[in-house]
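Since each chain comes alone in its own frame, lean on the hints to assemble the complex.
The listed protein sequences derive, respectively, from chains X and B.
The first sequence begins at 1 in this note's numbering and counts up by one.
The second sequence begins at 1 in this note's numbering and counts up by one.
Careful: at least some of the hints might be erroneous.
Chain X regions said to be covered by chain B (calculated; three or more residues, Cβ under 8 Å) [what the hints assert, rightly or not]:
no.: 1; segment: 487-500
no.: 2; segment: 700-707
Distance ranges between label pairs, derived from CB positions [said to hold, decoys possible]:
no.: 3; chain 1: B; residue 1: D122; chain 2: X; residue 2: G331; range: 51 to 59 Å
no.: 4; chain 1: B; residue 1: D55; chain 2: X; residue 2: E124; range: 41 to 49 Å
no.: 5; chain 1: X; residue 1: G445; chain 2: B; residue 2: A159; range: 27 to 35 Å
Derived from the structure by calculation, the hints contain no laboratory data.
From a predicted model like this one, the values you see are computed outputs, not experimental measurements.
Glycine included, each C-beta is placed from N, C-alpha and C at the ideal position.
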Amino acid sequence: MSGETAARYVGARVQRLEDPRMLTGRGHYIDDHVVPGMLHAAFVRSPVARGTVTALDVSEAREMPGVAAVFTMDDFRDICQPTWSTITGRDPNALPLKPLADGDVRFAGDPIAIVVAESRYLAEDGAEVVDVDLDAQPPVLDIETGLRSAIVVHPEIGTNLAAHIDAPAEDEKIFADAAYVVTETVVQHRYVAVPMEGRGLVASWEPGRGELTIWAATQAPHEMRSYCARMLGLPEHRVRVVMGDVGGGFGQKMFVTREEMAVVLASYLLARPVRWIEDRAENLLAGGHARQEQATVSMAADADGRLLAARVHHTENVGSYSTPGTGSVGGGVAAFFPGPYRLPVMSFTNQAVYTNTCGRCAYRGPWLFETVAREQMMDVVARATGMDPLELRRVNVLTDDDLPYTSATGVRYERISPAKTLEQAAELIDYDGFRREQAAARAAGRYLGLGLSLYVEPIQTRGVLGSEGAILRIEPTGEIMLIMGTASHGQSVETTMAQIVADELGCDPESIVFLQGDTAVTPWGPGTGGSKTAVIAAGAAHLAAGKMRDKLMRVAEHVLEVSASDLQLSGGRVHVKGDPEAGASFAKLAEAAYLNPAALPADIEPGLLVSARSVAPPSTLSNACHACTVEVDVHTGEVTILRYVVSEDCGRMINPMVVEGQIAGGVAQGVGGVLLEHMVYDAEGNPLTTTFMDYLLPTACEVPDIEYGHVVTPGDTAGGFKGMGEGGAIGSPPAVINAVADALAPLGARITGTPLGPPQVLAAIAAAGGE
Amino acid sequence: MAEHRLEATVNGREVTAMVEPRLTLADFLREKLRLTGTHLGCEHGVCGACTVLVDGAAIRSCLAFAIQMQGCSITTVEGLTPDSGELTDVQAAFRAEHGLQCGFCTPGFVVSATALLAERPDLTAAEVREGLSGNLCRCTGYQGIVRAVQSVIRSRQAASSGQQAEAGAAQAAGTTQEAEAGAARAAGVAGS
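Next comes chain B alone, as it looks inside the complex (with noise of 0.2 Å):
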């Protein structure tokens, strides 16, 4: 079968590739580039296990062609993490909330959530489920899973909350400087 030429941008990293047109962006991701956390669940777009980002949205690779991310950015589980290995914080709440046990499923949750939060920060525990509803996991019972989503809103909020406070405190501090400042003056005038 004819091969076309593909460039694409995989994790950050510009890739040119000749790639038959049936070749599946999850196959080419796999076997081509050897980017295997993209796991292959049911190969018709309902388990969710092949999810990765294009262009920031998520998307099941065993349901588009390679060829058809000429131009695309694309990021995989693998291109979540730092090189570093340290997780990020929707990783770090998986392990935390016990949210996978086999693991297969889970790079597919990860992306999953991940675009999630990016696009729905405020997320109630109901919709937190819905939004997870693309994705099946059949060793968790979605429990821990559920958990590290409501943990990753909470500690995110927690943060921008805290970021908040703390310019609240710097305005409240130099507010405080200012009224100093200002005493300071006041005896000035006071004290010539």
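Chain X extracted, bound-state conformation (with noise of 0.2 Å):
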């Protein structure tokens, strides 16, 4: 059918509809959800490490004022049921989690006791006087003592090993014949998500519905609804679960967490709603760690420093209690090892490994670590050449000629452009004249640097990822409600998926009223998070509005007498071609279509409703390239970021200014992460950065201004859209971490990895000898 609208809306940059009620202090988020007679919750938490619970008395706490209950996992026993991420499905080596310690404790912030009272004053009044008795024992904190230690985390497991992989590859004689062979250790400290808003839910169980509503700070609601489900035995159907605006996710929010059972655990104990607000100390204590791994990576080069072959070791430390699954991500890290570059044989082993330290989740690019050791290791393999950084990447990148391309971890590139993105970067950083700016510089006795940083971004649409739907609704009145399973917690998709739709019915983006995360409400999704929104979210919006435009002109056909062929739709309106006074608009189509049924020919169904179903290509990958300049102090130890820009292909953008801000914000977390940022536990396994005092995050002094390049290559999806929105974050600590290393290589110091706070690069510089 005709009537094609001009884009107008997608590809610019539109201001965002979600603005103007945060800007005023009129968002809602769940801290600020209130329910009829709730309590508020708040947890008795291990001081220690590990160790076994020798005596639990919440006598005195049940008698406290204003206290209604307090409960331990004896209380949970029989009423809450294995249950598990559907990601993961039911993973029989992975621990199913228990909302509260269970005789022992595994790591320091592991909750034991949930006491719930009239406020949360009150919550944490009672929580003082819960008495528990710990035996403490040494825990296993390292990845090193985890592997070889007769301590083990979890005993029910019977092993510190939480997965592995052991993926050989015939590559002695590659190793052996080779011009240059280099081998390194790389080291990713352990850093964390911290959006702004920590966890929080409000749980009200309903016994007389049999109907349990959940309000929360979720990233995925139809996730929660099926893990609660089966936690308590419901049918899905008489679960709802609502999310209002949400503080920033970044993966923490994307799964549930025990603290959040036990609230709704409570809840079901107590049939009357329950709250809990995370604070900040518990959301760095214990709202899910990340990032802590390692390799031993060696690779073998021809003489003219054309890639042979890579022999990845990969350890990670995925703390107790961990989600989804057992946390490791060395299969992805596996998978994209070989990055944007021709790397024709890969040997790969993984060991993940439990501690007694805060379990891991997703963060951001859980996979990274693969950007993070490559590209290091393809600045070793340059000094050991004694080639240019940048000249190695040319000599390897992956080019138009060579797509299609399946690497040797068996991943089919297309529609990427790395070498565009590796150019363009070099000349928006102007490397030539940088070069020049380091040698001068270098002579007048300071320390300037550049890193690049170079990969590919695979957007998560496997399995349950891969579909997204939409309902599109015109109402009698006209007015146009768009409904999805999306859960948009700073992605700006209220804006972009309107845009979308928008320019399909050739109406404004402010006409569009936007729901999504009700459960009873929207179709099923899987959550926003995993960059994936521009794929199947776009995907969904775009099939329902073409339903809609459909719909639509059968309307107008019979309202206006006109045929379809001959009909547009632009204002708000379907108007005869060139005649936007020759029309009707979506109110008066709505009305026939609503209000007046019998009217309408038999093969056009009354109403204005469509709903779609998106289904994910088969891959999407998108791609960028990071450059980096800084100077260090050799004296402080102090890192400056001197220019920071990124030459990024996500296909065509929906909205550059949503783009480009999730490019910024991707990069600040990294560059606090290499930087700043750096979760710490003592020997003991005490936590010593649980405050932001301690546990230091990127302020606007410390994230450089970031310039864009955009290189435009269209996926195979609906618009030639692709995800990016973890890339920002995958891309940046290689680039700070690389021209740390290049401003330093004078001085003979090596940086292998992360942290490098002051301490650090002067232990690097001291270690080579000094200044």
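Written out as structure tokens, the structure reads:
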């Protein structure tokens, strides 16, 4: 059917529909949500990393003023059934999460009891008088100890090896014959998601209706529904999960966590609404950690710097109670380690290790260590061969002539442009000019460095993540509602989906009301995360809008008595081509569709309601190149970022302003992760960084101006859009690390990982013999 | 716990309430007055999400007790905006420059930036960053926030120099009229 409209909004920097309420303090976050009669929860947590609970007395707390109940695992045992995340399924190797400690504690922060009271103040008063006797025992904190110690974090599993991969390759001859072989161990420290809003929920079990309602700060309402339905043995349609505005997630709110289970169970036992709002100390202590992993990598290259083979031995610290499943990201690290280069042969081993630390959770680009390790290794190879890092990448990067290309790990690459983004980033940073500036600075005793980082960003649309739903309604008044299974919490989905629908229907984005995050109302969706919005959500919105456009045209043919081929949509109307006056508004068409159904032709279903589900293509890949220049003060160890450039290819952009915002946020998290943020445990497993005085987030002073370049290689998707939400966080750490390493190379200082705060930078300089 | 009488002005309205001494200003605003635009991001005075104005100065409402506000005038993010719902120039600039994503830190930034710009209308780019460094944002990398504040500085300066120019033009016009009148007088004299 005809009725094409011109793209007016897709591709434009449309201002966000979310903004006015958020800017005026009228957003509605979980901590703003009040349910009549709700109680407030606080947790009693373990002060030690590992130990046996020898006594647990909650009787005094139960008598405290305003305290409604205190629950321990004994209270939950009979009602809490084994449950699991949909994405992992019922993994026999993963530990089914228990909401509270069950006889022993396994990390400092482990929740032992939940106190429920008339206010948070009174709940905390109650928590203070819960009497816990612990027989503290030596913990396992790091990967090496975890692998060889007799101490086992989870006795039920009997081993600290949470997961492992062993993928050998025939590479002995390649390494033996190679002109260059380099080996390095690259370390990544523990740093964490830190959404500005912590976790939180209000759970309300209503036994009369047999219905559980959960209002939650979540990235995935339907996942929360499935998880909690399984936990309580309820049919899914008796569980309703509702999200309002959510103050960031970055993966931490993608999967249900133990405290959330405990709050739901407390409501179930009390038959009253129970609310828990995580405070910052809890969030840093127990909200889910990330990133702590390392790899010993050997790479073989020929005399011209061409990569021949890589051997990667990857180990990761998944903490105690990880989500989802074992928390291992080994599979992703393996698959994407070759990155955007011709790397013909690769072997990979992985060991994921449980420790008595906070469990691992998803954090923006959970598998990003592949890029962090590979891009550092590219510079290691460059130094070994005496080649410039840009030149080495040029020799190895996949070009248009190589595509489609299947990596040594079986990933099929097409519709990507790594060589173009490499050149664009080099141009934007003025690569040659900087090298001259750097040489002059070195002559003057200053240490400047440049780091490159090139990567392919896989969009997570496999399996349960591969489809999104959209319902589009035009009400009898002509007003438009778009109802989706998404769970936008900063990604601007309310705006970008409205842009897509507005272009299809020839109306303004402002005229579309967007509704998401209510499992009773919206189509099922896998949640917002994994960079997939622009693929599956945009796909669903596009499909639904196309169906609605067709429906509007059918009704318009009837109302206007004009053939659809002579009609077009614009200005919120269907009208005769070239004559906007000869037409009907959506309100007029809706009136005909709803309020006078008897007059409709028999082949037109009354009403204006369509629904659609997208299916993701088998694979969608974005790619980008980051380039960063720094100055290192060799006396203080301080690293100052001079310039930061990102050349991004995420296909056709729905809203370049939103794309650049996503890049910037990810870059800030990577810059912060490398230079400032460090989740530290002492030798006994006590966390030392549970306030923002200790866990340092980057401020406006530390994040540089970010400069953007765009390359557009459309994806195999509706609209040619690709995802890109995680890339900024993936590409930035090695760009910064490589820049610091480059700055200190004249001193012979070896930089082989993170963190790179002043103490570590000074130590690297000292180890090389000082300035 | 004993409650004490608090009298203060919040967003231009006089408020009287009975509060426990341990009730923080943030919880008072959020729970008792339902002014939920003031957000709590750390509750230890670092993140700035809870920033409000007390007698015009930006403070962290998580670090103050409500009872300390006796006789004070408090402005929250809700109080910055006229009831018509129109955005202030600071808020409009945050929107135009994509200075917010999840929006959780946003009220604190808007209040801090409003106070900063009132106090120092002529900040340099580096001073803008320094001035905003008491607020944390995890989504935007501060790019749009810094741009927004810089754009407000530019537009306010343009407006004020525009006013000066207008005033100057008016003066110039006045001078011209006087000159013309003088010429007319001269002509009159000549003609007489």
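Each hint tested on the structure:
Coverage of the segment 487-500 of chain X by chain B holds [criterion: at least 3 residues with CB-CB distance below 8 Å; count 4]. Taking a C-beta to C-beta cut-off of 8 Å, the segment 700-707 of chain X contributes 5 residues in contact with chain B, enough for the three needed, and the coverage statement holds. Restraint check, B/D122 to X/G331: a C-beta distance of roughly 55 Å satisfies the suggested window 51 to 59 Å. Between B/D55 and X/E124 the beta carbon distance is about 31 Å. The supplied range of 41 to 49 Å is therefore violated.
Checked against the given bound of 27 to 35 Å, the beta carbons of X/G445 and B/A159, roughly 47 Å apart, lie outside it.
Figure legend: structure checked against the earlier numbered hints; hints not met, in rising order: 4 and 5.
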